[in-house]
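A.B. asks: Each chain, written out:
2 protein chains.
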Amino acid sequence: MSEPFIRKLEHAGILSEVERCALRILTTNRRAVLARHDIVTSPGTERVHLVTSGIAGRYKVLRDGTRRIISFVLPGDLCWVHAAAISAGRDLKIGALTPCLVADISRPQLTDLIQTYPGISRAMWWVTLTELSRTREWVVNDSRPAPERFAHLICELLVSLQVVGMAGEDSFEFRLSQADVADAIGVSHVHINRVVQALRTQELIVWCDQTLRIPNVRRLKAFGEFDPGYLCLDGLAI
Amino acid sequence: MSEPFIRKLEHAGILSEVERCALRILTTNRRAVLARHDIVTSPGTERVHLVTSGIAGRYKVLRDGTRRIISFVLPGDLCWVHAAAISAGRDLKIGALTPCLVADISRPQLTDLIQTYPGISRAMWWVTLTELSRTREWVVNDSRPAPERFAHLICELLVSLQVVGMAGEDSFEFRLSQADVADAIGVSHVHINRVVQALRTQELIVWCDQTLRIPNVRRLKAFGEFDPGYLCLDGLAI
DNA sequence: CGGTGAATTGAACTCGTTCAAGCTTGGTGG
DNA sequence: CCACCAAGCTTGAACGAGTTCAATTCACCG
Numbered sequence: 015m016s017e018p019f020i021r022k023l024e025h026a027g028i029l030s031e032v033e034r035c036a037l038r039i040l041t042t043n044r045r046a047v048l049a050r051h052d053i054v055t056s057p058g059t060e061r062v063h064l065v066t067s068g069i070a071g072r073y074k075v076l077r078d079g080t081r082r083i084i085s086f087v088l089p090g091d092l093c094w095v096h097a098a099a100i101s102a103g104r105d106l107k108i109g110a111l112t113p114c115l116v117a118d119i120s121r122p123q124l125t126d127l128i129q130t131y132p133g134i135s136r137a138m139w140w141v142t143l144t145e146l147s148r149t150r151e152w153v154v155n156d157s158r159p160a161p162e163r164f165a166h167l168i169c170e171l172l173v174s175l176q177v178v179g180m181a182g183e184d185s186f187e188f189r190l191s192q193a194d195v196a197d198a199i200g201v202s203h204v205h206i207n208r209v210v211q212a213l214r215t216q217e218l219i220v221w222c223d224q225t226l227r228i229p230n231v232r233r234l235k236a237f238g239e240f241d242p243g244y245l246c247l248d249g250l251a252i
Numbered sequence: 015m016s017e018p019f020i021r022k023l024e025h026a027g028i029l030s031e032v033e034r035c036a037l038r039i040l041t042t043n044r045r046a047v048l049a050r051h052d053i054v055t056s057p058g059t060e061r062v063h064l065v066t067s068g069i070a071g072r073y074k075v076l077r078d079g080t081r082r083i084i085s086f087v088l089p090g091d092l093c094w095v096h097a098a099a100i101s102a103g104r105d106l107k108i109g110a111l112t113p114c115l116v117a118d119i120s121r122p123q124l125t126d127l128i129q130t131y132p133g134i135s136r137a138m139w140w141v142t143l144t145e146l147s148r149t150r151e152w153v154v155n156d157s158r159p160a161p162e163r164f165a166h167l168i169c170e171l172l173v174s175l176q177v178v179g180m181a182g183e184d185s186f187e188f189r190l191s192q193a194d195v196a197d198a199i200g201v202s203h204v205h206i207n208r209v210v211q212a213l214r215t216q217e218l219i220v221w222c223d224q225t226l227r228i229p230n231v232r233r234l235k236a237f238g239e240f241d242p243g244y245l246c247l248d249g250l251a252i
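Protein sequences appear in the order of chains Y and B. Each residue of the first sequence is one higher than the last, beginning at 15 in the working numbering. Each residue of the second sequence is one higher than the last, beginning at 15 in the working numbering.
The hints are simulated quantities; they were obtained by calculation from the structure and are not laboratory data. Worth double-checking, as some hints may not be accurate.
One copy or two, either will do: identical chains are not told apart, so a pair holds if it fits within one copy or between any two.
Claimed, not checked - No more than 20 Å apart at the CA atoms, straight line, and that leaves these computed lysine to aspartate or glutamate pairs for DMTMM-like:
(1) 107 / 241
(2) 74 / 156
(3) 235 / 223
(4) 107 / 239
(5) 107 / 187
(6) 235 / 184
(7) 74 / 239
(8) 74 / 162
(9) 107 / 60
(10) 235 / 105
(11) 74 / 241
(12) 235 / 78
(13) 235 / 31
(14) 107 / 118
Could you put the whole structure together from the sequences, leaning on the hints where they help?
C.D. replies: Written out as structure tokens, the structure is:
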């Protein structure tokens with residue numbers, strides 16, 4: 015099960031065996047990225063990057079030095095597709111939060127596949143619309159109090175990792191630091207610590223040994239006002 | 015100049031005269047929507063909606079009754095494209111913040127145009143990637159203090175309205191209430207009032223008679239840490 | 001055994017909320 | 001022409017969530 019990317023794309027609609035093959039070929043040359051290092055260091059739009067293992071984060075550093083993580087990049091997620099727009103997101107960086115494996119894909123090659131295979135074209139639309147929907151949900155989430163916000167984030171991670179086969183029913187490997195989580199939900203690392211403790215004592219989460227377990231998933235979802243509809247796991251209507 | 019939509023799409027790349035014509039035909043049947051009413055009331059994915067005048071907002075009402083506006087929908091903006099994903103965004107609504115004119119476009123017809131004309135296909139990709147980039151910037155913006163956040167929002171509005179010819183060099187018609195602005199930047203209406211007053215006394219904005227004027231655009235942009243790169247106004251690289 | 005990165009705790013402080021009231025304006029009906 | 005009403009804007013004061021600063025603990029690693 016080394017193909018989270020394909021596994022994820024199948025949610026957009028059925029892929030033919032030929033299409034799956036074409037995608038598999040893209041991801042052969044992998045490269046390791048250390049934690050705390052950026053995945054994309056040189057500018058340019060000629061390559062797209064696929065994370066095949068580990069967790070990265072899209073982030074921006076504000077004037078006051080704060081780092082805000084905009085979204086997580088999980089195994090099977092593409093990044094820098096967005097860079098197709100000239101000059102866009104020059105300030106948005108992608109940093110590995112844990113050690114990552116990354117496949118660099120040539121953009122022309124990917125564009126080719128999209129134009130050749132309708133299933134892949136559909137899948138790429140789905141990926142983009144999903145990404146948009148996810149980001150909108152993050153904006154919504156920013157309006158909730160910190161504990162709910164963190165709960166919501168955990169639920170999104172659980173479901174997203176389950177999609178690529180990297181989470182069990184109620185738990186997943188979670189190697190991020192509290193500081194990373196703080197930057198992702200936009201609070202100080204001191205405050206996230208207190209939030210974590212609160213969720214722990216309420217027995218909403220068990221987070222130790224780099225593993226996050228959720229004793230009662232239904233309860234955490236309710237607490238975080240989490241409804242997976244926005245993840246578009248049912249595919250595209252078009 | 016009744017075609018903000020086409021005007022906006024031209025930023026994605028050149029459109030042929032045939033393509034412009036095809037787009038113009040889509041937008042013939044318009045309908046008025048009163049302020050404070052939703053633009054899309056019945057569910058279904060068979061139609062896309064184009065706002066041709068007025069300002070609307072994508073929003074979600076949270077459990078505690080708070081309304082969070084996720085993004086503005088300006089003249090020339092499509093909505094419900096996103097609904098192509100089954101079951102996605104059933105909870106995201108689009109409400110007219112001022113009186114609006116809306117053109118309802120049949121999705122098959124639009125899909126047709128996209129498959130027929132490469133310029134339109136490219137433009138729709140640009141619209142979507144831009145939307146994504148914009149939304150990410152809203153997440154970033156949520157990490158700034160309220161005055162900076164509002165300043166940033168104003169800058170985005172100024173540039174976006176200029177693109178469709180609905181703003182001057184340093185001002186635009188702005189018929190929103192302070193309560194709408196509060197929901198857009200995620201603070202209480204009491205607090206936004208104090209923020210507005212602060213920006214006024216610092217002479218960063220002049221907001222009266224439904225008009226927002228910016229005495230010194232450069233200064234407001236600096237204050238709000240605004241860099242228009244994320245709006246992708248230079249078009250697509252692919 | 002020292003050193004580094006992460007988690008934790010306390011205390012003072014600040015930004016933003018909430019509640020509650022008052023004000024201003026434009027519109028409506030008598 | 002005035003009385004009244006509803007929306008939106010403004011203000012004050014108490015409160016609360018989250019920040020900041022500073023220090024401590026702990027685990028791991030060379």
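A.B. asks: All the hints need checking, so say for each whether the structure fits it.
C.D. replies: Structure-based check of all given hints:
Within a single copy, residue 107 and residue 241 get their C-alpha atoms only as close as 29 Å, which misses the 20 Å cut-off; across copies the closest is 15 Å, which meets it. Within a single copy, residue 74 and residue 156 get their C-alpha atoms as close as 16 Å, and across copies as close as 12 Å, so both meet the 20 Å cut-off. For a Cα distance limit of 20 Å, the shortest separation of residue 235 from residue 223 qualifies neither inside one copy, at 23 Å, nor across copies, at 45 Å. In this homomeric assembly, residue 107 and residue 239 come within 20 Å of each other (Cα to Cα) only across copies, at 17 Å, whereas the closest approach inside a single copy is 29 Å.
Within a single copy, residue 107 and residue 187 get their C-alpha atoms no closer than 24 Å, and across copies no closer than 35 Å, so neither meets the 20 Å cut-off. Taking identical chains as interchangeable, the C-alpha atoms of residue 235 and residue 184 lie at most 20 Å apart only when both belong to the same chain, with a minimum of 12 Å there against 46 Å between chains. Taking the shortest Cα distances, residue 74 and residue 239 sit within 20 Å of each other only across copies (12 Å), while inside one copy they are farther apart (27 Å). Taking the shortest alpha-carbon separations for residue 74 and residue 162, only the inter-copy value of 16 Å comes in at or below 20 Å, while the best intra-copy value is 23 Å.
In the homo-oligomer, the alpha carbons of residue 107 and residue 60 lie at most 20 Å apart inside one protomer (16 Å), although the nearest pairing across protomers, at 37 Å, exceeds that limit. For the homomeric pair residue 235 and residue 105, the shortest alpha-carbon distance between copies (16 Å) is at most 20 Å, but the shortest distance inside one copy (33 Å) is not. Taking the closest pair of Cα atoms, residue 74 and residue 241 come within 20 Å of each other only across two copies (13 Å); inside a single copy the shortest separation is 27 Å, beyond that limit. For the identical chains of this complex, residue 235 and residue 78 are inter-copy neighbours only, at 16 Å across copies versus 34 Å inside a copy, given an alpha-carbon limit of 20 Å.
For a Cα distance limit of 20 Å, the shortest separation of residue 235 from residue 31 qualifies neither inside one copy, at 36 Å, nor across copies, at 51 Å. For the identical chains of this complex, residue 107 and residue 118 are intra-copy neighbours only, at 16 Å inside a copy versus 38 Å across copies, given an alpha-carbon limit of 20 Å.
When each numbered hint is compared with the structure, violations occur for hints 3, 5, 13.
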